[in-house]
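Each chain is listed here by its residues.
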Amino acid sequence: MKVTTDKLNSNLVKDVEEISGQKVSACFQCGKCTGGCPVVWAMDVFPHQVLRYAQMGLVDELLHSKTLWICASCQTCDSRCPRGVDIPKVIEALRLTIIREKGGNYLHPKDLPARVRENAPQQGLVSAFRKYAK
Amino acid sequence: MKRIGVFICWCGSNIAATVDIDKTVAAARTMPGVVHADHNKYTCSEMGQDMIKDAIKEHKLDRVVIGSCSPRMHENTFRKTVEAAGLNPFYMEIANIREQCSWVHKDKETSTDKAISLVRTAVAKAARNEALHADEMPVEKRALVIGGGIAGIQAALDIAESGFEVDLVEREPSIGGRMAQLDKTFPTLDCSACILTPKMVDAAQHEKINLITYSEVDKVEGFVGNFDVTIRNKARSVDMNKCTGCGDCMAKCPAKVESEFEEGLAQRRAIYTPFAQAVPNKPALDRANCRWFTSGKCKVCQKICPADAIDYDQEDQLVTNKYGAIVVSTGFDTHSLDNYGEYAYGKHPDVITSLEMERLFNASGPTGGKILRPSNGEPPKNVAFIQCVGSRDREKGNPYCAKVCCMYTAKHAILLSEKVPGAKAHVFYIDVRTPGKDYEEFYNRAYEEYGTSYIKGNVSKVFPDGDKLIVRSVDALSGALVELVVDMVVLATSVDARSDAKELGQKLSITTNAHNFFNEAHPKLRPVDTQTAGVFLAGMCQGPKDIPETVAQASAAAVKVASLLNKDNLMSNPTVAEVNLKYCNGDMSCMAVCPYGAISEKVIEERRGRETVKRKIAEVNTALCQGCGACTVACRPGAINLKGFTNEQILAEVDAICL
Ligand code: SF4
Ligand code: SF4
Ligand code: SF4
Ligand code: SF4
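Chains as they are written, first to last, in UniProt numbering: chain A, 1 to 134; chain B, 1 to 659.
Simulated from the structure, these hints should not be mistaken for laboratory data.
Just so you know, these numbers come straight off a predicted model, no measurement behind them.
Note that the Cβ used here is the ideal one computed from N, Cα and C, for glycine as well.
Where hints are given, some of them may not hold.
[To be verified] To be clear about the criterion: a stretch of chain B counts as covered by chain A if any three or more of its residues have a C-beta under 8 Å from a C-beta of chain A, and this derived list gives those stretches:
id, region
1, 452-463
2, 476-490
[Claimed, not checked] Capping the alpha-carbon separation at 30 Å, the derived lysine-lysine pairs in DSS-like fashion look like this:
id, chain 1, residue 1, chain 2, residue 2
3, A, Lys14, B, Lys256
4, B, Lys370, A, Lys23
5, A, Lys66, B, Lys403
6, B, Lys643, B, Lys114
7, B, Lys456, A, Lys89
8, A, Lys89, B, Lys461
9, B, Lys347, B, Lys256
10, B, Lys114, A, Lys14
11, A, Lys23, B, Lys643
12, B, Lys456, A, Lys14
13, B, Lys106, A, Lys23
14, B, Lys456, A, Lys23
15, B, Lys456, A, Lys7
16, A, Lys23, B, Lys461
17, A, Lys66, B, Lys456
18, B, Lys643, A, Lys2
19, A, Lys89, B, Lys396
20, B, Lys370, B, Lys502
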């Protein structure tokens, strides 16, 4: 793993910020997210490291991490983050980066019953469109 | 026709980089009344000012317009310049082409246009500037200090030593404030009480200092040099003249409540002094908890008091005094932990705040200086210190850094190792900040000599496990998960402004920032002044700071006070409102809007034909008027004008832009 000028200037980070609506620079690496994450034991890159990797432009490394698929989007971390970083949104943006590259929507919002559309969390819906429905 | 001179300043590149100076000067030459225009790299420099003085003489100028920075910066400088050349200082007008132009625009063409139009405005106004003269006002040679912690004590001592009378108002029964609660002080580890109590005694014994404890500021009127402050002496129920401070009442009082001074770790009586070295060392009776006041039975203290000093019938007394200057030194509150359920504070007795830890360390504290677990009274082996609790947390705490926690936590770690052999401190931090003389070295000792573990991680959760506590975090540097089993957890609680700071600010006409800390007049150059002349700041009430900084600021405030009280007279601000009797119809709309209570009704007698009639009009007290101009807008017949900003001048400015 190596941080280079190219990586620090990489547009990939901007994409992740745009998709997630989060500023990765807001994180000051306090680690409070990681300390409370219930599935951190199974992760190869810890939640606070996800933010650090992103700050350093190490997006490729993140895209190959197990962490992306282990995070349960439980939001324990972001409920405690003193800087208001919504970490699962960042992780979700990374997943979407991969999925977008592969292409293809699996579920169309129109196909969802109105009840689900109105009550399900936004994030869950988007995840579903992209990942799970067949 | 007036002979106006215009001087455009480059302000180095601050203005010149965005405003075309030559074009602006050329445009100025064509403006009505302008007989001379020039430019200078730094107009505020001696050379720049000389250039103006010379031009006034050479071109017989009688009005001067300077295109430069904001009048807040150099209005006084340039007024003195023109005065030195023989003009009335109010003949000078500033066009703010820096803050209002070059600093906020990028495009040279538009900002040059705007600069020219700002200069044209100032020229139009200057042509109508009248000579104004300041009045002299006497100065009351007495100061008021609000808040008797270390900041207030130091300020009072320094003012008194400069030869002026000081009243020191403190709302608790004793002076001493937060510093009295602390054990040792960083980075030298001298004991807080040992360096504070002599100062408390000095303050009490100084012939020029008058301690007014158990009292609060009720109302502030007047202005610099002549404040009228009403102080509420809360009913103490103890006659201070009779009480000898024997303490018999405190020993016998049956009503016990949590001691604020001991941070709830011990109890005090309903009649109490906050701590043993209290100054004055005479108790106050807390009516909310006294049995006589709550249930009508008891009076034990009255029976026991050998001096017959207990007086249940005392009432609050309002006393109004005159002061020339005021120092505000009201200190801070600690941040509430209500939002921090993850740290189990209040749920587990072994999770305590840093101020509670200070009391445990203190030899006169609830444990006699022994560090014991509140749950079982045994000495702890492992203690976790969590920093930044409520600090640097923009989601549920304060976004700012509380400034003192890194250092007192290092101190706690050192003291713990010294007091409890074999005990180990584990400090969880986000960043360790040690900017201060000998601070970094002190922190280095905490981990090099005393073996404190420093873990870069903001603790995520604290929870009980049997009779221990588990602390969960990460070490962000190594990427290792951290799970410590400890006996005690100490939370480095953030500092807040006083909950009633805003209210006091309103009384004093001083502003607070978004977090209710009082605003200084300028963050760098006037750090102890406020925007209200004659009111100065010292200590935490202005923002987080440690003891050395607090003491330095208090002494600085004292010098400001002394230099003010040293003057026999102050010059008043001549830009005050003026009523034109001919137009005033006495409807008094002006009186209703004046925020300073400067307008009153007056009845005048006038000859009308052969009759003498009485008529009501508005009158301005020029000593109270701050020149805000609110009245001039409220007056429908246009009878009230602000000198230096008359309706005519302002309309001329508007015309200069629009026509
Ligand atoms: S809790 Fe927030 S600020 Fe702290 S490391 Fe995690 S994302 Fe960064
Ligand atoms: S949202 Fe993901 S990273 Fe955050 S605590 Fe839950 S599982 Fe861990
Ligand atoms: S009267 Fe009140 S203060 Fe006095 S002893 Fe009784 S409870 Fe205590
Ligand atoms: S100018 Fe302001 S302070 Fe002066 S009298 Fe009018 S309203 Fe009051």
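**Pairwise hint evaluation, Lys456/B against Lys66/A, where the allowed Cα distance is 30 Å at most** = holds, 24 Å
Taking 30 Å as the top limit, are the C-alpha atoms of Lys89/A and Lys461/B close enough?
-> At roughly 22 Å apart (the allowed maximum being 30 Å), Lys461/B and Lys89/A satisfy the hint.
Query - Given hint Lys403/B paired with Lys66/A - CA-CA distance at most 30 Å - result: Cα-Cα ~39 Å, so violated.
request  = Mind checking the alpha carbons of Lys456/B and Lys14/A for me, to see if they're no more than 30 Å apart?
outcome  = Distance of about 28 Å is within 30 Å: holds.
Note to self: Against the 30 Å threshold, does the CA-CA distance of Lys456/B and Lys7/A hold or violate the hint?
What the structure shows: holds, 26 Å
For a C-alpha distance cap of 30 Å, please report whether Lys456/B and Lys23/A respect it. holds, 22 Å
ask   = Is Lys89/A within 30 Å of Lys396/B, Cα to Cα?
value = holds, 20 Å
request  = Would you mind confirming whether the straight-line C-alpha gap from Lys643/B to Lys114/B stays at or under 30 Å?
outcome  = Judged against 30 Å, a Cα distance of about 27 Å means the pair holds.
Count the residues of the region 476-490 of chain B whose CB lies closer than 8 Å to any CB of chain A, then report whether that count reaches three.
-> holds (count 4)
Under 8 Å between beta-carbons, do enough residues of the region 452-463 of chain B, three at least, approach chain A for the coverage claim to hold? holds (count 6)
Inset, instruction - Would you check the hint for Lys106/B and Lys23/A, treating anything up to 30 Å between C-alpha atoms as holding? - result: With a Cα-Cα distance of about 27 Å, the restraint between Lys106/B and Lys23/A holds, given a limit of 30 Å.
query = Taking 30 Å as the top limit, are the C-alpha atoms of Lys23/A and Lys643/B close enough?
reply = Answer violated: Lys23/A to Lys643/B is near 51 Å, above 30 Å.
Comparing the model with each earlier hint shows violations of hints 3, 4, 5, 10, 11, 18 and 20; every other hint is respected.
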